[in-house]
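A.B. asks: Sequence:
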Amino acid sequence: MPDLPRTQLGRTGIEVTTLGFGAMELRGVPRGPEVSDETAGEVLNAVLDAGINFIDTSPDYGRSEELIGRFISERRSQFFLASKAGCAAGEFATDGHDHFFTAANVRAGVEQSLRRMNTDHLDLVQFHQSPSKAVLEAEGALDELLKLKAEGKVRFIGMSGTLPELNEQIAMGVFDEFQIPYSVLQREHESAITAASAAGAGIAIRGGAARGTPADWDNRAYYMLPGSKPRDRWEQGNLDELLDGMSRIEFTLRFTLSNPDLDTTIVGTRDVGHLRSNVEFASKGPLPADVVAEVKRRMDATESRPE
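One point on numbering: in the working numbering, the residue at position 156 of the sequence shown is 156, and numbering is uninterrupted.
Quick caveat, the hints were computed from the structure, so don't treat them as lab data. Think of the CB as a built atom: it goes at the ideal place given N, C-alpha and C, for glycine as much as any other residue. Any given hint could turn out to be false.
What the hints assert, rightly or not - Listed below are the simulated DSSO-like cross-link pairs for lysine-lysine, each with C-alpha atoms no more than 30 Å apart in a straight line:
(1) Lys296 to Lys284
(2) Lys147 to Lys133
(3) Lys133 to Lys153
(4) Lys133 to Lys149
Said to hold, decoys possible - Listed next, with one range per pair, are the computed distances between beta-carbon atoms:
(5) Val272 to Arg231: 34 to 40 Å
(6) Gly245 to Thr102: 25 to 31 Å
(7) Pro5 to Gly152: 28 to 34 Å
(8) Gly152 to Arg231: 43 to 49 Å
(9) Gly285 to Arg75: 22 to 28 Å
(10) Thr102 to Ala301: 25 to 31 Å
(11) Glu235 to Arg115: 44 to 50 Å
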């Protein structure tokens with residue numbers, strides 16, 4: 001299997017593979033397809049065997065944290081482990097996706113993640129759901145995460161952020177990393193990604209493969225621009241003309257990897273074959289600069305095109 005490129009994750013000094021693994025796809029029912037323990041173990045070990053060293057999860061992602069703890073905790077030194085804060089935990093636990101940005105819930109969540117994943121530290125904890133500065137400060141959530149960092153239970157702190165809060169979050173200057181959505185079909189965070197990187201933060205992209213193939217896009221409302229379906233935007237830009245023998249998924253992933261501010265892009269799967277294909281695509285690196293420029297020109301034109 002080809003070697004994956006690596007880059008430094010902002011000011012952390014940690015080298016990460018430009019392709020990371022998103023464990024949300026292992027969440028299982030009821031919020032996703034059923035995943036057997038055997039399949040989960042096979043996928044997680046295949047991730048590490050492929051050389052991927054950045055794994056992203058969350059207490060919100062069903063069984064994913066428990067599966068990581070069960071199947072790859074003995075290989076803990078081989079990967080950089082990122083999870084989330086603000087997700088309901090302990091006495092705050094719910095059956096939904098509620099978030100509570102309080103000191104007590106942040107601590108309960110981190111302690112829960114440590115137990116679930118059978119580790120004594122989390123390399124990165126990112127606030128989930130892009131809370132504002134006011135929300136982070138109102139009930140001590142940020143201060144508590146910084147305390148957990150001082151205690152050695154968390155090495156770095158980050159933000160899973162989106163506009164409009166993202167610019168304010170960058171200006172706070174406390175986050176070592178930002179996880180930001182970005183793809184050929186979702187470029188509205190491009191300037192914020194550049195600003196966060198310039199401020200010294202690491203950049204982890206989510207949605208960099210547009211969450212699947214074009215056949216899935218009509219049902220991926222989170223990853224579409226207002227008033228436009230992703231499939232429509234792809235076709236309006238005539239992007240198939242630029243594939244040059246690539247599949248759409250390879251083209252989409254490598255466009256994301258062409259962003260010079262990216263450190264890693266998180267791509268999830270519950271299929272070892274898909275994982276190996278993603279590694280092969282990522283190992284080829286960014287698209288040629290002239291192709292990237294043409295993609296942007298075409299996609300900019302679709303944004304101004306009347307419906």
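A.B. asks: For this structure, which hints from the list above don't hold up?
C.D. replies: Violated: hints 5, 6 and 10.
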